[in-house]
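**Student:** When the letters of the sequence shown are read in order and numbered with our numbering, they come out as residues 15 to 152.
The hints are simulated quantities; they were obtained by calculation from the structure and are not laboratory data.
Incorrect hints may have been included.
[Claimed, not checked] Okay, the calculated beta carbon distance ranges per label pair:
(1) SER65 to LYS101: 14 to 24 Å
(2) ASP115 to MET78: 34 to 44 Å
(3) GLU131 to ALA34: 35 to 45 Å
[As the list claims (entries may be wrong)] Under the rule of at most 30 Å between Cα atoms (straight-line distance), these lysine-lysine pairs were calculated in the BS3-like manner:
(4) LYS101 to LYS41
(5) LYS129 to LYS101
(6) LYS121 to LYS38
(7) LYS58 to LYS104
Owing to the predicted nature of the structure, the values given are computational and were not obtained by experimental measurement.
Even for Gly, the Cβ is constructed at its ideal location relative to N, Cα and C.
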Amino acid sequence: MSNVHIFLIQISTRLFSITAAPSKPEKVKVTKTDKDTATLEWSKPSSDGGSRIRRYIIYKRIEMTDKWVKVTTVEQFLTQTNVDKLKYEKNYFFAVSAENDIGESDKGETTQPMKLEKPSGEYFSYFYNYHPLFHTFT
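Generate the whole structure from the sequences, applying the supplied hints.
**Tutor:** Here you go:
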């Protein structure tokens with residue numbers, strides 16, 4: 015007599031979706047400056063990572079430093095925003111990252127620093143040189 019083994023095999027098929035953080039936003043650039051404000055624009059990431067982009071996170075960095083400072087967040091359907099409260103005579107770099115349910119992308123960065131020039135004019139010159147917000151008297 016021989017032993018007969020019967021094996022039951024259950025095959026299960028599942029649809030897997032692989033998700034990841036999005037790719038970085040592209041073509042980040044300053045399109046306009048006005049007083050203490052810079053307008054940034056960017057292109058959407060080439061990949062959303064398989065999960066809908068929830069928001070964009072905007073950063074600034076002063077040239078010659080490594081520290082990125084989070085400035086604001088904007089809704090996923092926007093690809094432009096204003097960054098205000100910038101200081102004159104400082105060189106800034108800007109960056110944008112995209113965020114989905116999985117995480118935050120790498121930063122898409124401006125390639126050149128942006129510098130706000132001090133506005134000219136007699137009134138501004140007086141205000142800038144003598145107002146306590148701009149000048150510390152010793």
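**Student:** Going through the earlier hints one by one, which of them does the structure break, listed in rising order?
**Tutor:** 1
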